[in-house]
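Taken in order, these protein sequences are the chains called A and B.
Residue numbers for the first sequence follow the numbering used here, so the first one is 1 and each next one is one higher.
Residue numbers for the second sequence follow the numbering used here, so the first one is 1 and each next one is one higher.
Among the hints, erroneous ones may be present.
Heads up, the list lumps identical chains together, so a pair's fine if it works in one copy or across two of them.
Stated by the list, open to error - Simulated crosslink set (DSBU-like; lysine-lysine; CA at most 30 angstroms straight-line):
{"hint": "1", "residue 1": "Lys321", "residue 2": "Lys463"}
{"hint": "2", "residue 1": "Lys321", "residue 2": "Lys153"}
{"hint": "3", "residue 1": "Lys48", "residue 2": "Lys189"}
{"hint": "4", "residue 1": "Lys153", "residue 2": "Lys463"}
{"hint": "5", "residue 1": "Lys147", "residue 2": "Lys321"}
{"hint": "6", "residue 1": "Lys249", "residue 2": "Lys180"}
{"hint": "7", "residue 1": "Lys224", "residue 2": "Lys249"}
{"hint": "8", "residue 1": "Lys463", "residue 2": "Lys48"}
{"hint": "9", "residue 1": "Lys321", "residue 2": "Lys511"}
{"hint": "10", "residue 1": "Lys147", "residue 2": "Lys224"}
{"hint": "11", "residue 1": "Lys224", "residue 2": "Lys321"}
{"hint": "12", "residue 1": "Lys511", "residue 2": "Lys48"}
{"hint": "13", "residue 1": "Lys183", "residue 2": "Lys147"}
{"hint": "14", "residue 1": "Lys48", "residue 2": "Lys249"}
{"hint": "15", "residue 1": "Lys183", "residue 2": "Lys48"}
{"hint": "16", "residue 1": "Lys511", "residue 2": "Lys189"}
{"hint": "17", "residue 1": "Lys463", "residue 2": "Lys147"}
{"hint": "18", "residue 1": "Lys321", "residue 2": "Lys189"}
{"hint": "19", "residue 1": "Lys48", "residue 2": "Lys153"}
{"hint": "20", "residue 1": "Lys48", "residue 2": "Lys321"}
{"hint": "21", "residue 1": "Lys180", "residue 2": "Lys463"}
{"hint": "22", "residue 1": "Lys147", "residue 2": "Lys48"}
{"hint": "23", "residue 1": "Lys147", "residue 2": "Lys511"}
In case anyone wonders, no lab produced these hints; they're calculated from the structure.
From a predicted model like this one, the values you see are computed outputs, not experimental measurements.
Here are the chains, one letter per residue:
Protein chains: 2
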Amino acid sequence: MTVYSAPIQDMRFVLDQVIGFDQEIATLPGYEESTPDLVDAVLEEAGKLAGEVLAPLNQVGDRQGSVLENGVVRTPDGFREAYQQFVEAGWNALPFDPDYGGQGLPYALSTAVTEMWNAANTSFALCPLLTQGAIEAVGSHGTQVLKDLYLGKLVSGEWTGTMNLTEPQAGSDVGALRTKAVKDGDHYKITGTKIFITWGEHDCAENIIHLVLARLPDAPPGTKGISLFLVPKVLVNPDGSLGPGNDVKCASLEHKLGIHASPTCVMSFGDDGGAIGYLIGEENNGMACMFTMMNSARINVGLMGLSTAERAWQQALDYAKQRVQSADIAGGREPVTIIQHPDVRRMLMTMKSQTEAMRALLYYIGGAMDTSRRHPDAEVRERAQGVVDLLTPVVKAWCTDTGCEITSIGIQVHGGMGFVEETGAAQHFRDARIHPIYEGTNGIQANDLLGRKLLRDGGANAKAFIAGMRELDNVLASANGQHLPVIRTTLIQAIGELDAATDWLLETGPKDIHLAASGAAHYLNLFGTVTAGWLMAKAALAADAGSREGNGDARFYEAKVTTARFFADQFLTRAAALRRIVTDGGETVMAMTEDQF
Amino acid sequence: MTVYSAPIQDMRFVLDQVIGFDQEIATLPGYEESTPDLVDAVLEEAGKLAGEVLAPLNQVGDRQGSVLENGVVRTPDGFREAYQQFVEAGWNALPFDPDYGGQGLPYALSTAVTEMWNAANTSFALCPLLTQGAIEAVGSHGTQVLKDLYLGKLVSGEWTGTMNLTEPQAGSDVGALRTKAVKDGDHYKITGTKIFITWGEHDCAENIIHLVLARLPDAPPGTKGISLFLVPKVLVNPDGSLGPGNDVKCASLEHKLGIHASPTCVMSFGDDGGAIGYLIGEENNGMACMFTMMNSARINVGLMGLSTAERAWQQALDYAKQRVQSADIAGGREPVTIIQHPDVRRMLMTMKSQTEAMRALLYYIGGAMDTSRRHPDAEVRERAQGVVDLLTPVVKAWCTDTGCEITSIGIQVHGGMGFVEETGAAQHFRDARIHPIYEGTNGIQANDLLGRKLLRDGGANAKAFIAGMRELDNVLASANGQHLPVIRTTLIQAIGELDAATDWLLETGPKDIHLAASGAAHYLNLFGTVTAGWLMAKAALAADAGSREGNGDARFYEAKVTTARFFADQFLTRAAALRRIVTDGGETVMAMTEDQF
């Protein structure tokens, strides 16, 4: 069995010294209770539940999977109990509105805690992730009646939520969906089939609140004719008690490459005349409501990339410290632990540096979300929202691609044992592979970055963000700790490449969108690499300062600076090549005719 | 069910126009029968068996897997019959010595045919791959008695072979093995346990010839004290008939991430007093004999990287041409096939160009093997052997890493369907993941390239090879077809980066082997990328010429040039970054102490 121990020291470091949690987040109105002591207590308690309860169920969940029997989905042994424990301890409520029973803690802190759930057991963690999306959609767009009836139970986690978008002919193209909604008094009757519904049916909660996209009879075609409905599995009486079952059922489960414990359902609505649903938001405005869920879900999927990478990293490191094989390459008779071998060390440093870079990126966007919601100054809120919007596709795609890479390296560190399922390294590799796909494939993210986030405002937001990163150069210029000058040179070069690629896309996009889009994925990769490298440079500066001031763990600080330098040396240096591929590499992407393939 | 259709047009193109099969290989002594007509017939017939018999068993094999019941390994439905068909048609004998029933055809041609078996059914193809290794070891180092008794049945494929190296404490470090051999008259008694033995036990052949590394009682420690033994599953009487069973059994099978149909066995030798084995080569000289098998096996594993990529590519292309989703990014109301979307096209071009680049590389090394064995001029033979030695680790590691990347892209092209096992894309991804591990991990290959292939001869061989690649510049200089000037500029830059990295390693290796080895994997990646890019440039030149001369399929030629340009634009351009990581990126790889992790 593989173990997981929450990396609280690094989490704390990123929160405190990279994103300025105490100074900038905990001081926001409504977050006053997030004192350092509370943060410590939250991280420690969450770490216990993750390490002691959820992590041991990860491999069991993979082996047993969730199974559908006579219309009922049975989750693997231990999942029901673990979910009860999770709910009873109040973890589901962490970031939500205290008016509905939430704890109102910052998203930045919630991000760290959610990282733990995902790392411990990514299949399990998907359930509250979907609930969170439902809470946000109902909270932002639902009527007061819906809020009063559903939010409390969703915030507590007693009921769980789902997102029902996909149909066989409507995947990335949500607008192609055909599920029907017909008005029937104060509610609607929903009929249709949805696929790929995560935790669409299960035995961990007494009710499941499906958020379903459907089309009214007279709706315009495409995404402009889509409405969002709340469709409970079990109908809810006005007094909040459970009524009869709704016309909703799980028709089948997918047999998947990974996340076996997470039931991926084909959901059938309205087989017996129509499932009862309640409109959320306006008719035909469902896409806007859905984006509320989708954007936070996208960031959360990026967080899964980090989390699975962290789990794979812990396991690989543990193996590399224990496995004795071959003498040192410089000579010697006795075999050594494989962590001593340069190529194994290179793999470990890659895992470590990329994982820490992802963490910095995700907590940073978590902090920006808090600022965008709570800061008293509207201009600051808007700027923070701009950062969230810009980085959402970057975080989703870059962290999930990187997560896949890291889990693959995790297998490689184990050698032959990595390919044997018993070891557990392979599960992370399989589980992680869904992340670049769901919540909008990474190709969709790249198009989103290019189209909605870059071209739509003529690059104003992106250019401002890049200029902001460039300001770190002054700080780095006055720092002279070990590795910092090299980090500075590498970072400033890389920012220059990102800037050049941005300018080229701004110029090319309006003239030739196919050519621009041919480089969109590389551009996103460049954007993620540079932003992560910028945050690693900030981390190095903070660690260097902490080390000089003698406040904290000197060995940890030293490792942090070394890791940031490694990231600069081995990843930021790729910026020039990525820029070149974006600006000069697209000519042949669309050149061949279909019959030439 | 996914289909496979052998890419005979591209195979033929690479053989004829990139590696000069007709002029340079088929003219070698002993290969005179390899006329164009024969080559066509071989490729066509092999393509039929691969596409019609082996490919349909691929998914069945994955689902059922091989199972161990009462000491007997049962292969999945259809495997026995397919193997009989394979043997009866004489496919196993293709490249081997006619004195023992082989067909004596060139390795370059055998490489193309083996690509088909691997692409159609990689689990199946592992069985003859291991047999081939056994044939080479017995053929090169066995006594005449052993050759007469075993080679005929191994060449025909009636008996299969295995390689027994690994033990729990002896993986990459073969020298740490403990299996014992004690002389007992004209044979030896073998006792010990071997793990990860591919096709170690199965029901497809009446005998299995295990090649086993073991240690004599008075042997020196490490690899200098290892001897190689032939240990048949069933003892063979002097007249060639089968005698009693040997003291060998399969103790268990591994439950693996992929290649489920290929039984990966724990083999137990000598539980009842000692398995009878026969010495191959000299006592304590087993490693040299084993390298005979291992080098060809390493190239064959590289070939698996290509093959699985080809299979994944065919499937992704087929899906991309059929799946209709979303309107064109430039506008329009109607949804289009996803091959029209720039980011999907980028993925497809990546798959296509990398797969074709791997094919060129593998057939090129196949041709070099033929030249090294058959050319009348000793100097030419030696030079060709130098190419084979140098490129063996490159082909093994670069093609398997690339193969994993391609199978992952294959999933991505399918979107959500790629994560569902039924689709079949996920199987390629799982199957391919073993390739960077077995036959020496890719880290071992990187060390081999650096230590044995580069530093040992002071770079003479590598520098000569690089100089040879550089000669293409003159040819490209006089070519002015579309894309060729850009390919030329990019290639010559990339060769320069490879040369610079080589010089740096030659200088640094003797002074600081840890620092040099820290960049070995990146150097290997650089070496593979540049060599593949050089061969793609050769392909572009040939296609450009063929197109001008009007001999052949003009659309195919045009696509070939476009694909080579794409490879230059998107992969050769990474050479500068890789060089920089090798020469400037290693400082922090070994910098942290173990307790800082």
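What are the numbers of the hints the structure violates, in ascending order?
Failing hints, ascending: 1, 2, 3, 4, 5, 8, 12, 14, 15, 16, 17, 18, 21, 22, 23.
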